[in-house]
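Participant: For reference, the chains in residue letters:
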Amino acid sequence: MTTQLLTLAFERPAIDWHAVAPELTLLAVGCLITLIDIIFLEKARPYTATLAGLGVLATAIPIITLAMDGVDRVLFDGAYVVDDFALFTKAIFLISGYVVILLSTNYVAEGDYWENEYYGLLLASLMGMVMMSSSRDLISIFVALELLSIPAYLMVAWRKRDARSNEAGLKYYLMGVFASAVMLYGMSLLFGVSGSTQLSEISSFLTNGSVSSVSAITLAIVFVVAGFAFKVSAAPFHTWAPDVYEGAPTPVTAFLSVASKAAGFVALLQLIYVGFHNQSAVYEPLIWILAAASMTFGNLVALKQTNIVRMMAYSGVAQTGFILAPLAVAGHAGLEDQALSAILTYLAIYAAMNLGAFAVIITLSRKTGSAEIESFNGAFRYAPAMTVSMAFFLFSLAGIPPLGGWFAKFEVFSVLASSDDVWGYALAVIAAINSVIALYYYASVARRMWADEAPENDLTPVSTTSSLVSALAICAIVTLAFGVVPQIVGRFADVTLLTLGG
Amino acid sequence: MYLNQFLLLSAALFAIGVYGVLARRNGVLVLMSIELILNAVNINLVSFAAFQDSISGEVFALFVIAVAAAEVGVGLAMILLLYRNRRNIDLTEIDLMKG
Amino acid sequence: MENFINDWGLTVTTFLPMVGVAVMLLIPKAQEELHKKTALATSLLVAVMGILILTQFDFDATGQLQFAVDHIWIDVINSHYAMGLDGMSLPLVLLTMLVVPLCIIYSWNHFPEPQNPKAFLILILVLETGMIGTFMAQDLVLFFVFFEVVLLPMFFMIAVWGGDDRRYASLKFFLYTLFGSALMLVSFLALYFLSGSESFVLSDLIAAVSSNGVSRTAGLWIFAGMFLGFGIKVPMFPFHTWLPDAHTQAPTVGSVILAAVLLKLGTYGFIRIAIPVLPEAAVEWAPWIGLLAVIGIIYGALGCLAQTDMKRLIAFSSVAHMGFVMLGISTLTDFGINAAIMGMVAHGLITGMLFFIAGSVKERYHTLDINRLGGLLIQAPRMGWIFGLCVMASLGLPGLAGFWGEFPAILSAYNPGNGLPVTTFRVFMVISALGTVLAAGYLLWLLQRAAFGTPKDEFAEDPSITDVTKHEWISWAPFLALIVAIGIYPNLIFRVTDGAVDASLDDCLQVNASELTAEQAEALGCASIYNLHEDHEDHAAGE
Amino acid sequence: MMAELFIFAESASQSGLPLGITSGGAWLLRNAWLIPLLPALSFLGILFFGKRMPRKGSELGIAAVGIAFVLAVLTGLAWLDHRDNYHGEETHLAVVTVEHHGEISHDEHHDEHHDDSHDEHAASGHSESGHHAAHSSLAVSNTVTWFQTNGVDISVGVLVDGLSVMMLFVVTLVSLLVHIYSTDYVGGDRRYTHYFAFLSLFSASMLTLVISENTLQLLVAWELVGVCSFALIGHWWEEKPNSDAALKAFLTNRVGDMGLLVGVTILFFAVGSVLPDTFGSFSIAATNTVANNGLLSHTALLVAATCLMAAVMSKSGQFFLHTWLPDAMAGPTPVSALIHAATMVVAGVFMIARLYGVFFEGLSIGGSSINLMALVGGITTLVGASLAFVQRDIKKVLAYSTISQLGYMVLALGVGAWTAAVFHLFTHAFFKACLFLGSGSVAHAVHSFDMKSDMGGMRKAMPHTYRTFIIGSIALAGLPPLAGFWSKDEILAGTGGWGLFGGTGGNGSYTLMLVMGMITAALTAAYMTRCVYLTFFGEFRGHGDVHESGPRIVVPLWILAGLAIVAGLFNLPKGFQLVPDSFQERFGHYVEPVAGYFPTISHATPSWSLAIISTLVVIGGASAAWWYYFVKVEAASKASGKSLTELPNGPTTTYPLAKIIHNILDKKYYLDHLYTGIIAGGTKGPLARMAYRFNQQVIDGTVDRVGETAVKSGQFVYDKIDQLVVDGAVNTSGRLSSEAGGELRKIQSGKVQSYAAILFAAATVLAGILIVIV
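Chains as they are written, first to last, in our numbering: chain A, 1 to 502; chain B, 1 to 99; chain C, 1 to 543; chain D, 1 to 774.
In case anyone wonders, no lab produced these hints; they're calculated from the structure.
This structure is a prediction, so every number in the text was calculated from the model and none was measured.
Please note: incorrect hints may appear among the correct ones.
Ranges between beta-carbon positions, derived for each pair [claimed, not checked]:
(1) B/K98 with D/T709: 55 to 65 angstroms
(2) C/I295 with D/A757: 27 to 37 angstroms
(3) B/S54 with A/A385: 37 to 47 angstroms
(4) C/K470 with D/D189: 22 to 32 angstroms
(5) A/R366 with B/A23: 37 to 47 angstroms
(6) D/F716 with A/V429: 27 to 37 angstroms
(7) D/R735 with C/E2: 56 to 66 angstroms
(8) C/P238 with D/R735: 29 to 39 angstroms
(9) B/Q52 with A/D77: 35 to 45 angstroms
(10) D/T709 with C/I295: 42 to 52 angstroms
Some chain D residues close to chain A (C-beta under 10 angstroms, calculated; not the full set) [stated by the list, open to error]:
(11) P332
(12) S453
(13) G457
(14) A461
(15) P463
(16) I612
(17) G741
(18) G742
(19) R745
(20) I747
(21) F760
(22) T764
For every residue, glycine included, the Cβ atom is placed at its ideal position computed from N, Cα and C.
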């Protein structure tokens with residue numbers, strides 16, 4: 001039995017270089033930056049940020065060319081697929097990565113820590129995410145997950161001498177590793193049951209193969225989903241999020257709350273749509289519980305928060321609940337594609353809104369120095385543009401038309417409304433109530449910034465840098481565009497995972 | 001030898017590892033118990049690969065080992081950082097942020 | 001010019017204020033005069049567009065949608081950018097175009113407390129776009145978007161420029177209306193999916209519902225969602241607690257716009273969307289709406305009797321007035337809904353004026369506590385008499401606009417549409433007639449305490465209490481003229497709305513039940529309404 | 001000729017019930033709406049330019065009402081001419097009834113030309129005897145569309161017939177005199193212009209009410225008149241009691257208007273269900289005609305009639321809604337004269353007369369059983385008369401006497417004596433206005449209305465006022481030959497009371513009504529004598545020199561006094577031998593319509609014996625009071641040297657307890673009191689005072705308490721339900737969610753190992769549940 005393994009002659013698998021181009025360019029830029037950092041040390045300090053930005057934009061080019069010719073490319077017999085779904089999600093990762101770079105240029109430069117490694121880590125993590133969206137194989141998903149998580153641990157602990165950042169880093173590391181260990185155990189069981197690591201094969205095996213123990217599969221699916229539930233900070237697994245968000249440097253928090261959460265969702269989508277395609281009896285109730293719990297839990301706790309970043313953490317948990325909701329009814333006939341496009345639209349709009357909100361928080365906290373909500377009072381008097389845009393993002397998160405958020409919530413509601421079963425309607429009602437509770441803390445922050453007096457009302461204007469303003473501008477334009485002309489994102493998100501998987 | 005024996009061993013190791021993570025106060029020991037869990041996963045993978053004679057199990061195990069090494073490296077660095085700032089690595093005391 | 005109005009008229013009118021906003025954003029905050037002039041110019045331009053539309057409007061065909069525009073907006077959920085104007089929405093749109101410029105003129109040189117005319121005027125213009133858009137939208141999603149656009153500026157107006165307890169009032173207003181609109185959205189979606197119509201446009205939905213129909217229970221649930229959504233905005237009895245707070249805390253101009261137009265979005269929603277799309281459910285719900293309306297009338301009146309703050313009293317009085325409007329709507333007859341639209345316009349003008357006066361009194365006396373007021377007729381005789389005229393109009397004195405809103409509503413309650421319980425509606429009629437007496441009670445009591453008598457000594461020789469200023473005259477004159485004109489010759493409004501209401505009401509509701517034989521009812525497709533209520537067949541033939 | 005939807009020009013093909021109404025007629029008849037328009041324009045003129053006019057607006061007011069008066073007289077003459085020699089060329093408006101309501105029998109009509117000679121004297125005009133429905137034209141009606149709804153045109157227009165012409169004449173005349181009177185009386189007032197503005201508005205709205213063609217227009221004018229009375233009563237609104245009185249007047253009227261609103265609605269739909277292709281109609285003519293011919297169900301008519309009665313009770317101060325009228329005396333006296341004596345308060349009586357078809361069928365006045373209207377009228381007469389006794393304020397006496405006389409008119413309408421009621425309205429307007437203006441001139445001189453403290457012995461100082469006041473009181477008391485006697489006698493005859501008095505004929509014998517009428521006649525005579533004595537006889541109790549009022553006050557007084565004398569002659573009873581046949585019953589002949597829209601009522605044959613009995617009763621009442629005051633009080637005041645107003649130790653002070661119980665049984669008590677009253681005389685005082693206190697505490701009290709309870713319940717509803725329950729629910733849900741947030745925060749303990757524990761626990765628990773479910 002062992003001999004049979006050795007006889008396999010190793011022949012080099014045919015690689016379609018165009019398909020892998022984005023990952024390669026990212027890798028190249030990452031290595032370039034680390035090399036420059038080592039060689040030029042101090043002199044390279046001002047260039048690394050712009051170089052990283054350019055690098056990310058460079059990787060966008062192959063994605064556009066891949067999208068042009070519209071052919072789905074399959075490598076390593078199905079393990080690595082570059083289709084519309086993958087391209088759209090890669091685009092989301094790259095754009096949000098670019099915005100995070102813009103956010104962190106001044107933050108890191110003014111911080112008293114060594115600057116260049118930050119961008120190396122960032123690009124590595126981006127690389128992991130870009131890989132994640134194309135991997136249809138347990139191994140590549142695991143590797144991509146670890147590639148994007150480990151640099152993230154380091155970035156969270158970036159401020160070496162600050163106890164909070166330290167604590168956040170450690171917490172994130174321990175929880176991250178523990179969760180991936182649990183996920184690995186699930187994956188191993190999955191492999192054990194189906195005998196292959198290819199998602200498509202697993203799903204075909206699960207549907208028609210004579211399955212020995214159903215409970216083993218359920219356990220496997222739950223553990224795997226739990227691993228990713230941790231990543232997207234869904235309710236029972238979200239406990240790490242508030243502490244890490246508060247402790248980490250704010251651009252990293254933005255990165256975590258948007259990019260790594262999106263990566264988690266992409267993995268979850270691939271697993272459920274391609275892997276457990278017809279196991280809806282298992283994953284639907286699971287996701288339903290996760291969605292309902294995170295919505296309610298996230299919103300209720302956010303009501304009492306005094307620190308704006310912790311509040312954004314809990315709001316992130318609540319938004320995760322909203323994004324999960326369509327997944328809870330994705331099993332119904334005919335709804336798969338609609339649910340998928342709803343989730344992707346929500347992810348894209350959520351990325352824009354959240355990054356915009358974090359951009360404003362970063363700019364204002366340069367003046368107020370603290371992330372306490374009181375310190376933001378009366379911002380309207382000294383920074384009207386910032387306050388208006390913050391109100392913009394907050395009400396978009398709350399889902400008020402004509403800002404982007406309403407269309408995202410509208411899609412979610414229409415999926416739930418057309419699910420035509422009791423669980424779907426129940427989730428819709430919970431969602432409706434939650435959107436009202438959510439509005440309370442969003443509106444009270446906006447109101448504070450508009451109406452109340454600034455603390456010992458010093459009205460010195462905020463020193464805004466060009467990169468922060470451009471990041472803010474990108475997010476604001478994208479949010480408004482999604483709100484007024486939603487069919488832009490609608491058309492792009494109209495992809496399907498079923499052709500390959502099912 | 002039957003597959004179940006291997007599975008039972010890995011389940012036992014997994015349980016011990018989880019206990020180690022939850023109960024231990026010392027950071028380094030928590031890292032060791034995480035390694036324990038990962039090894040449990042490896043045993044699982046290898047045993048399944050052997051019994052169903054599909055090579056990808058072993059490949060998966062190799063990857064897990066490699067990644068585990070990377071993780072431990074970063075983990076130890078974190079704990080070192082913690083030690084430098086606090087002079088102790090008792091996990092129960094690092095609760096600056098809560099609520 | 002002709003076809004320009006026809007196909008671009010509505011879009012230009014709706015988004016012209018946004019152009020004004022864009023221009024004002026560019027102007028720095030310091031030049032307040034320039035801001036005021038641009039805002040006034042924009043709103044006057046919108047009014048001119050309104051007049052152009054009025055001239056092009058074909059008054060013999062008030063039933064059909066005129067200046068209709070229909071382009072694809074969001075193809076993913078196939079909702080259209082469909083706009084149109086007919087007899088029902090024309091008066092309300094014109095009311096909006098009248099109110100906004102006058103509000104700008106009124107607040108020309110006394111902006112509310114934290115002086116920031118740029119932001120304040122931008123909010124008013126955004127409000128105008130939202131309001132006009134809602135009245136012209138023919139697509140449910142578009143209606144929902146404009147319905148929500150109105151929410152944000154109002155929230156900020158109350159939150160930033162409001163009175164001392166504005167925090168609580170603005171949040172409550174926002175949450176209440178948002179909860180309503182969330183439910184409304186869910187019912188729109190359910191309606192769209194269950195009726196299988198191919199787009200969200202109102203005409204398709206009505207056709208889809210009438211052709212393949214919606215199950216009775218589903219219809220009821222959808223109507224319930226819409227009823228909650230619109231009912232909160234009206235406000236109907238149990239959901240009205242946001243109105244007094246919002247009004248007392250809002251700045252003068254804010255509460256004028258809130259009273260004059262925003263309350264009408266709810267009632268307009270009923271007659272434009274709820275009743276035409278789901279006539280069967282409307283028939284089943286009508287008695288409950290009638291009941292809540294009547295309770296609203298009495299409850300509002302009793303609420304007013306207990307008030308000490310003038311603005312809060314006027315706010316409660318508009319709960320009572322909207323009760324009459326809803327009573328008119330709940331009768332599901334031509335006469336009733338005509339009365340409802342007239343009631344909306346009249347209430348808009350009269351309560352708008354009352355809030356203007358309350359605002360002016362607050363500026364002069366710096367308090368609205370009725371016990372401290374008095375002798376207004378001595379210190380500011382002209383304002384006193386205008387206040388008297390508005391009080392009389394508000395309690396429904398014939399010869400002024402208020403009467404034509406209340407009396408036909410009471411009249412139509414005596415003889416409700418087909419399939420409605422006749423005796424219950426007659427009980428409603430008597431109770432609402434009692435409502436007019438209570439209205440006279442609390443309003444005249446207010447007039448006596450505020451206007452008659454001699455001024456309290458703390459204000460007796462206060463020089464700052466001047467009579468009506470130039471700006472106030474300009475902004476109030478059109479209101480007063482219209483109140484008297486509509487009072488004397490109500491056909492100004494009825495002529496426009498009669499055709500449209502006739503067209504919008506489902507024909508089963510209109511034709512006289514007693515004359516129809518069973519198979520005729522079948523042919524008309526009204527079987528569901530009649531066999532729903534065959535026990536109400538003894539339709540008041542001379543009884 | 002503009003034809004309405006339901007009433008269409010009668011042509012040969014469709015025959016229907018002849019209304020006797022033609023559209024068209026002389027220019028004046030067609031444009032009768034000019035009469036109300038003039039004062040309306042003068043209202044606007046005074047309002048805007050009043051301050052800048054030389055005489056500050058009063059001249060514009062007088063001019064407008066003057067022209068209106070002239071127009072009214074011309075319209076009257078034109079109508080008389082139209083009525084007498086109708087040439088049949090105008091189109092008749094006939095109502096067509098829906099066929100399937102059974103065939104409507106209507107006998108053949110043929111055109112009949114009158115060949116009477118046109119007499120130059122305005123009042124005379126001989127016409128054919130007998131009242132069979134000649135195809136003559138009674139009224140002229142022109143309408144124009146007011147507003148359209150549900151495809152039906154609701155119109156507004158003018159209906160000119162005998163009743164409206166008479167009312168036009170009365171209203172414009174009294175209004176003109178009051179205008180002239182006010183220029184002097186309200187001379188120095190600071191809101192002189194406003195006063196005249198509202199006086200013109202009042203005249204305009206009253207004139208619109210009088211010629212209104214449909215019930216909606218009636219309702220509009222009805223409430224406008226209410227508002228003008230509110231404004232005029234509250235003319236001196238600086239003092240709180242004045243504005244309280246105005247508020248009370250308007251609110252009580254508003255309560256009545258609620259009845260009017262409901263009644264009009266019921267009639268609108270009832271008529272609508274009968275007439276073809278319309279869902280409702282407000283037209284008075286159509287409503288009356290349809291009611292007369294029994295096409296409406298009796299219950300609808302009964303309910304409508306009762307509701308309208310509520311409106312009449314509030315507007316014309318009938319029994320339990322009359323409390324506002326005495327308080328309304330807070331307004332200036334000319335206002336009281338115009339509004340609360342001659343015009344507005346009779347609006348209720350006018351409305352009954354106008355919609356008599358509805359009331360006749362609804363309350364089945366024809367039958368001899370006592371109906372609601374007669375009962376209310378009767379009680380009001382008695383209550384008014386008894387309360388008038390105890391008043392100190394001269395205007396309050398006249399106010400209660402007006403209530404009593406209005407009760408008379410309603411009583412007459414209740415028993416079916418339509419002409420008698422309207423004639424009494426006609427005469428009452430003059431002498432009551434004369435009395436009010438007289439009391440005004442006295443008060444103007446003495447600057448107070450209180451008879452007991454500031455008046456007495458004024459006959460020498462103010463001769464003109466004294467003489468006109470005496471004429472007015474005699475007319476009011478009903479002593480022949482003045483106006484009061486003729487109209488009151490007609491009413492008593494109309495009741496068709498005891499056979500033995502010969503007053504047979506009427507619409508059934510209402511004995512109780514006759515008795516009440518008699519008692520009131522006596523009481524009226526008594527309290528007027530008391531009032532005359534306290535004002536003009538005995539020594540002058542006031543201070544300051546008293547001199548006669550100026551010409552602008554005295555001339556109107558004399559005109560009204562003259563009319564009080566002459567007015568009676570218009571309607572001499574049928575068999576009155578002294579006067580040629582053509583002069584008998586001119587008023588009845590012209591004013592009472594004989595047409596489709598009026599019920600056929602039988603007329604009582606007046607009898608000499610009843611006339612004599614009633615005069616004796618009046619003389620008895622007057623002499624009792626005369627004996628008490630002129631003899632005993634005069635003697636007592638001479639003995640005591642100071643001018644007394646009543647016997648010091650009179651019977652009122654001796655048995656207080658008896659009076660309280662007594663009052664509750666006042667019905668019977670009145671009868672006993674009537675006998676002892678004549679003999680004892682002095683005891684009347686205490687009863688009236690008790691009645692007054694009863695009236696103040698009980699009825700007036702209830703009205704105020706209703707106000708207070710409304711306010712308290714408003715307070716309760718607002719505090720308890722609104723703030724606590726409804727608002728509370730919203731706030732608690734808010735607090736609940738934030739507290740829940742607080743609790744859940746505690747889970748976030750900050751320890752990483754507890755996080756890991758939660759993670760693992762959640763994963764295993766979820767796995768467990770799903771394994772069980774799947």
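Participant: Tell me, in ascending order, the numbers of any earlier hints that this structure violates.
Facilitator: Of the numbered hints, 2, 3, 8, 9, 10, 11, 12, 13, 14, 15 and 16 do not hold.
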